[in-house]
Amino acid sequence: MENNRKQTLEQISALFASQDLAVLSTQKNNQPYSSLVAFAASSDLAHLYFLTPTTTRKYDHLTANPPVSILVNDSRNQADDIYRAVSVTGTGVAAVVDKAKDKGALELFLKKHPHLKEFASAPTTAFIRIAIHRYYMVSRFQNVVELEITP
Amino acid sequence: MNPVLQSGEFPAAGKDQVGGKAWCLAQISELGISIPKTWCVPCAVYENYITQTRLRDRIFLEINRKPFEQMRWEEIWDIALRIRNQFLTTPLPLDIRKNLSDLIEAYCGEKPLAVRSSAPGEDGSAASFAGLHESFINISGVEDILKHIKLVWASLYSDAALLYRKELGLDIQTSRMAVVIQELIPSDRSGIFFGVNPSDAGESVLEAVYGLNQALVDGDIAPDRWHLSRSSGRIIRHESPVRDRCAVVVPGGVSFTELTADLVQTPPLNDREVRRIWETGKQLETLFGRPQDVEWTFLHDRLIILQSRPITSTGFTDTDEKRTWYLTLHRSYENLQVLHEKITRDLIPEMIAAADRLGSKPLADLSAEDLCREIEERQKIYDHWVSVYWADFIPFAHGIRLFGQVYNDAVTPEDPYEFMALLEKTGLKSMERNQLLENLADMIRSDAGLKTQLENDLAPGPDHPFSHLLDTFIAQFGDLSCTTGSGSECQYGELAVIRLLMEFARRPAAAGSGIPHQRDTAALKERYMASFPAHRREFAEDLLHLGRESYRLRDDDNIYLGRIETRLFEAVQEGQRRLGDPATAKKDRDMLARFPALSAAPAAPKQTDAPAADETAAQRWFRSRQIVGQPAGPGIATGTARLVKNPQDLLSFKQGEILVCQGVDPNMTFVIPLASAVVEERGGMLIHGAIIAREYGLPCITGAPHAMQLIQDGNRITVDGYLGIITSHTKGL
Numbered sequence: 000m001e002n003n004r005k006q007t008l009e010q011i012s013a014l015f016a017s018q019d020l021a022v023l024s025t026q027k028n029n030q031p032y033s034s035l036v037a038f039a040a041s042s043d044l045a046h047l048y049f050l051t052p053t054t055t056r057k058y059d060h061l062t063a064n065p066p067v068s069i070l071v072n073d074s075r076n077q078a079d080d081i082y083r084a085v086s087v088t089g090t091g092v093a094a095v096v097d098k099a100k101d102k103g104a105l106e107l108f109l110k111k112h113p114h115l116k117e118f119a120s121a122p123t124t125a126f127i128r129i130a131i132h133r134y135y136m137v138s139r140f141q142n143v144v145e146l147e148i149t150p
Numbered sequence: 000m001n002p003v004l005q006s007g008e009f010p011a012a013g014k015d016q017v018g019g020k021a022w023c024l025a026q027i028s029e030l031g032i033s034i035p036k037t038w039c040v041p042c043a044v045y046e047n048y049i050t051q052t053r054l055r056d057r058i059f060l061e062i063n064r065k066p067f068e069q070m071r072w073e074e075i076w077d078i079a080l081r082i083r084n085q086f087l088t089t090p091l092p093l094d095i096r097k098n099l100s101d102l103i104e105a106y107c108g109e110k111p112l113a114v115r116s117s118a119p120g121e122d123g124s125a126a127s128f129a130g131l132h133e134s135f136i137n138i139s140g141v142e143d144i145l146k147h148i149k150l151v152w153a154s155l156y157s158d159a160a161l162l163y164r165k166e167l168g169l170d171i172q173t174s175r176m177a178v179v180i181q182e183l184i185p186s187d188r189s190g191i192f193f194g195v196n197p198s199d200a201g202e203s204v205l206e207a208v209y210g211l212n213q214a215l216v217d218g219d220i221a222p223d224r225w226h227l228s229r230s231s232g233r234i235i236r237h238e239s240p241v242r243d244r245c246a247v248v249v250p251g252g253v254s255f256t257e258l259t260a261d262l263v264q265t266p267p268l269n270d271r272e273v274r275r276i277w278e279t280g281k282q283l284e285t286l287f288g289r290p291q292d293v294e295w296t297f298l299h300d301r302l303i304i305l306q307s308r309p310i311t312s313t314g315f316t317d318t319d320e321k322r323t324w325y326l327t328l329h330r331s332y333e334n335l336q337v338l339h340e341k342i343t344r345d346l347i348p349e350m351i352a353a354a355d356r357l358g359s360k361p362l363a364d365l366s367a368e369d370l371c372r373e374i375e376e377r378q379k380i381y382d383h384w385v386s387v388y389w390a391d392f393i394p395f396a397h398g399i400r401l402f403g404q405v406y407n408d409a410v411t412p413e414d415p416y417e418f419m420a421l422l423e424k425t426g427l428k429s430m431e432r433n434q435l436l437e438n439l440a441d442m443i444r445s446d447a448g449l450k451t452q453l454e455n456d457l458a459p460g461p462d463h464p465f466s467h468l469l470d471t472f473i474a475q476f477g478d479l480s481c482t483t484g485s486g487s488e489c490q491y492g493e494l495a496v497i498r499l500l501m502e503f504a505r506r507p508a509a510a511g512s513g514i515p516h517q518r519d520t521a522a523l524k525e526r527y528m529a530s531f532p533a534h535r536r537e538f539a540e541d542l543l544h545l546g547r548e549s550y551r552l553r554d555d556d557n558i559y560l561g562r563i564e565t566r567l568f569e570a571v572q573e574g575q576r577r578l579g580d581p582a583t584a585k586k587d588r589d590m591l592a593r594f595p596a597l598s599a600a601p602a603a604p605k606q607t608d609a610p611a612a613d614e615t616a617a618q619r620w621f622r623s624r625q626i627v628g629q630p631a632g633p634g635i636a637t638g639t640a641r642l643v644k645n646p647q648d649l650l651s652f653k654q655g656e657i658l659v660c661q662g663v664d665p666n667m668t669f670v671i672p673l674a675s676a677v678v679e680e681r682g683g684m685l686i687h688g689a690i691i692a693r694e695y696g697l698p699c700i701t702g703a704p705h706a707m708q709l710i711q712d713g714n715r716i717t718v719d720g721y722l723g724i725i726t727s728h729t730k731g732l
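Chains X and R, in that order, are what the protein sequence lines are.
If you read the first sequence in numbering that gives the first Met the number 0, its first letter stands for residue 0, the second for the next number, and so on.
If you read the second sequence in numbering that gives the first Met the number 0, its first letter stands for residue 0, the second for the next number, and so on.
Isolated chain X, as found in the complex:
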């Protein structure tokens, strides 16, 4: 079981490293909403980070209602995606990070997305951290495993 967990975490790490974008799902006043974000993960996979202008619907939602889910997958829009593609959903709680204080996290993010440096520095861009509660990894269409990251 421990091996399975380790192996799954390695697979998730590899997937996150291979993908730049994730689908973020938020909700406010019973209205769900999804958006595409450039993301980065901490090495222990406990946190995911992304940037968003403070004027966006996702920002509005997650500040009003911090529980979110985020999905990363490696599908290629090919028929074989249905079995080949791996998809990981993370659930957790989003929070706005103080860019000036948590420089390490921002550096980690910009190392993966250096072209977003300017975007990150704008005063109207918020840096968001999701503290992951659980991951759900789906492979081969219907094989699903769950991992708890923080209780």
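Per the computed footprint, the stretches of chain X lying under chain R, defined by three or more beta-carbons under 8 Å from a beta-carbon of chain R, are:
hint, segment
1, 3-17
2, 80-89
3, 141-147
Label pairs and their in silico Cβ distance ranges:
hint, chain 1, residue 1, chain 2, residue 2, range
4, X, Leu35, R, Glu525, 52 to 62 Å
5, X, Asn29, R, Thr729, 22 to 32 Å
6, X, Arg75, R, Thr520, 41 to 51 Å
7, X, Gln77, R, Ser33, 42 to 52 Å
8, R, Glu68, X, Gln77, 18 to 28 Å
9, X, Glu117, R, Asp414, 57 to 67 Å
10, R, Leu722, X, Leu35, 28 to 38 Å
11, R, Leu722, X, Gln77, 20 to 30 Å
12, R, Arg506, X, Thr62, 54 to 64 Å
13, R, Leu722, X, Pro31, 24 to 34 Å
14, R, Thr50, X, Lys110, 39 to 49 Å
To be clear, the hints were calculated from the coordinates, so they are not data collected in a lab.
Predicted model, so just to flag it, every value in this text is computed and none were measured.
Glycine is no exception: its CB is placed at the ideal position from the N, C-alpha and C atoms.
Keeping the supplied structure of chain X fixed, place chain R upon it in accordance with the hints.
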């Protein structure tokens, strides 16, 4: 490119389009050797078909459902069956259909034909794919030809081809199949010529039968065989079989007919004809640059070559014996009929007699020396029946496959397992056993006094009807615990059965058989019979009977084998009892202790241990939410997972629990009436758990990889037998 090419067009189309068989035939014809009139449906048509219909994507889904490395042979057969049915139920797009029909009509008319595979690479110099893809003979009329073209395409993914996928380089994205259509030669005599004898490089071998060579290829008729000098063609020796029958073309198929008294006495070939075939074989060897395996036929003294391919011993240099054995499970109808007679007329009565004979020997009266001899004898008898089981019973079980294939070909149902409904409820021995258990449980239900007595571990008197029936049960089926594992498991005895009966009795009587199957089998049978022309209905009926027998015996043979195993255990147990008995004389104890069967450590349980049920911190952090296996019994059920790691676990199985195990041993199926669903790591439609679960109408999933590790004992799970998905319930998101 035309969708149907004439042999003169093969060279221009190229080997990549017409495949190995068509390509070789064109070359043989150019050499001036006779071949039947031959056409080819090139690979491009196959590709158009699977692309336009999106069948390619569906096949991809099917073959990637699970990694092949995690599959058993049976699961691979299941995949091949489903893919074959997808080809059958996916119509040809109108344009492809029209183009093919027009040319087939123009070229072939209503002539009887052979429709054969011709995969690129097949019959080439590197590998010979003999027997992995399908060929059909005596096919006529556009509709039938179109159907069989699809079946040849489907055989690109036959179970044999999937088994040899690595050697074949089978790849859904690139693999293709051309189809050869040949005029059927109503042969007088036919056979096979092997340019070199695989076991003697100095010899060539020629085999010949009267009539068509179909029966020779299937092994149904023993051929005359000539061993020839490979260099000079001189006859070294001629082996004559008992000649009695030959295969002939009849409307809609091939049949056997008795040979005339004259032909029975006469070899199918004279020396001059033997020489002629050897010379032609040599010509073909020169043409293709290596010794050939040549199918030939004579029609009114005209020698015609049906196909030629390079010789490889078994198609491949195969170090995997199991795989080779598996390929031998493809049995013809004729062959299965012979096997059926042998099993029902001889083997099963012999097994029953052997078990009864052993059961009637009073072990307690034997001296220590005689007891050792008895154990040895019983071990020998048991080993003998195990070998019979592999040699005859398992191959016969594959009669289910043959019936399934014929049913699907004839009926083309949407559900490729529809045929199973016609095989079920055929009086399995284990159902009989479970019915007896139910009757005993009924007695407990309706007799409060008996129930209280049993709850307090008090046996009713020997004259009580319950004791009578229990004795009958134990005499017929053993005390269950003995048959569920090694001899050391036998300690439970009668109490084990009683404990299980108390569990049976806890259920309301009517709930015993789960959800009954709703299929109208009479209508299914009518549909099956109606899909055959009148002259083939007798065959259809006989095949259904064979399929039902195959299905029934698949379980029964294990029960009978279990009885013999029990007799062996009883003798071992008696030895162990005496060893542990202080009253046993020292010299007897020494003798028993030296006896290998008694001195060896107890055998390990059949099932390997899964991780302990206790949750460690790490386990809390990882759960398998969904596991995908093969759907093997339709239905959905939610309940507590009960992992059965050891035979003892079965005896504490509770009503409504979901049985999760590596594989249901046929002798363990007595708990299935208590279960609400069955999950097995082992896969395939033919395995016992699946068969019994279907009998009881329980949801069943087989081939669920690592289920014993991923599902935790006591967890709440849902078994979706329609989709083959097991879902573990976890709290919250």
